[in-house]
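Chemist: Residue numbers (this note's numbering): 7 to 148.
Since the hints were made in silico from the structure, they are not lab data. Please note that the accuracy of each hint is not assured.
Unchecked claim - Computed list of lysine-lysine pairs in DSSO-like fashion (alpha-carbon distance at most 30 Å, straight line): (1) K86 to K132; (2) K52 to K66; (3) K86 to K143; (4) K67 to K138; (5) K138 to K86; (6) K143 to K52; (7) K86 to K99; (8) K63 to K138; (9) K132 to K99; (10) K136 to K66; (11) K63 to K136; (12) K143 to K99; (13) K67 to K132; (14) K63 to K132; (15) K52 to K63.
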Amino acid sequence: MRIIRINTNNEISVHEFPEGSYSQQNRILRGLIGPECELYECVMPKRLYTELGGSNKLSKKAGTCVSMLVDEEGIYHDLKDNQVGSYLYETDKHGCVIAGNILIVGERWSRDGIDFCGIVEDQFNKLFPKLKELTEKVRDYR
Numbered sequence: 007m008r009i010i011r012i013n014t015n016n017e018i019s020v021h022e023f024p025e026g027s028y029s030q031q032n033r034i035l036r037g038l039i040g041p042e043c044e045l046y047e048c049v050m051p052k053r054l055y056t057e058l059g060g061s062n063k064l065s066k067k068a069g070t071c072v073s074m075l076v077d078e079e080g081i082y083h084d085l086k087d088n089q090v091g092s093y094l095y096e097t098d099k100h101g102c103v104i105a106g107n108i109l110i111v112g113e114r115w116s117r118d119g120i121d122f123c124g125i126v127e128d129q130f131n132k133l134f135p136k137l138k139e140l141t142e143k144v145r146d147y148r
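Please build the complete structure, drawing on both the sequences and the hints.
Modeler: The structure is reproduced here in structure tokens:
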């Protein structure tokens, strides 16, 4: 299953969710978020659900619920703001910006709780075109 990355230049790319142990997966996810990312945070940005139609409801099917992973310390690393991530996070309403690259990932229930995974195909097919359009609008607006 796939995940979506949007960098600080408003470029969108698709990646396979990494295989391996939690440690291996986390290392790869942190690398996709950015070279300085040591700790990522899972956020559930309102506009990802209200405007783009993503699901924030966990189900037994892996990847139906989506969330956004961000660099927990992005603003302290002096990273560029992520305009798409900040828009989804409603920064315009509360002022807390998202800095650095973002990942849109799926979630799933496991015996240990909630884990990250790739996005199920129907969610991916709904979200990717809308995120691509949003990144293009933001780039054109600059």
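Chemist: If a hint holds in the structure, say so; if it doesn't, say that too.
Modeler: Evaluated hints:
no., hint, result
1, K86 to K132, "28 Å, holds"
2, K52 to K66, "22 Å, holds"
3, K86 to K143, "18 Å, holds"
4, K67 to K138, "25 Å, holds"
5, K138 to K86, "20 Å, holds"
6, K143 to K52, "19 Å, holds"
7, K86 to K99, "19 Å, holds"
8, K63 to K138, "23 Å, holds"
9, K132 to K99, "26 Å, holds"
10, K136 to K66, "25 Å, holds"
11, K63 to K136, "19 Å, holds"
12, K143 to K99, "20 Å, holds"
13, K67 to K132, "17 Å, holds"
14, K63 to K132, "15 Å, holds"
15, K52 to K63, "13 Å, holds"
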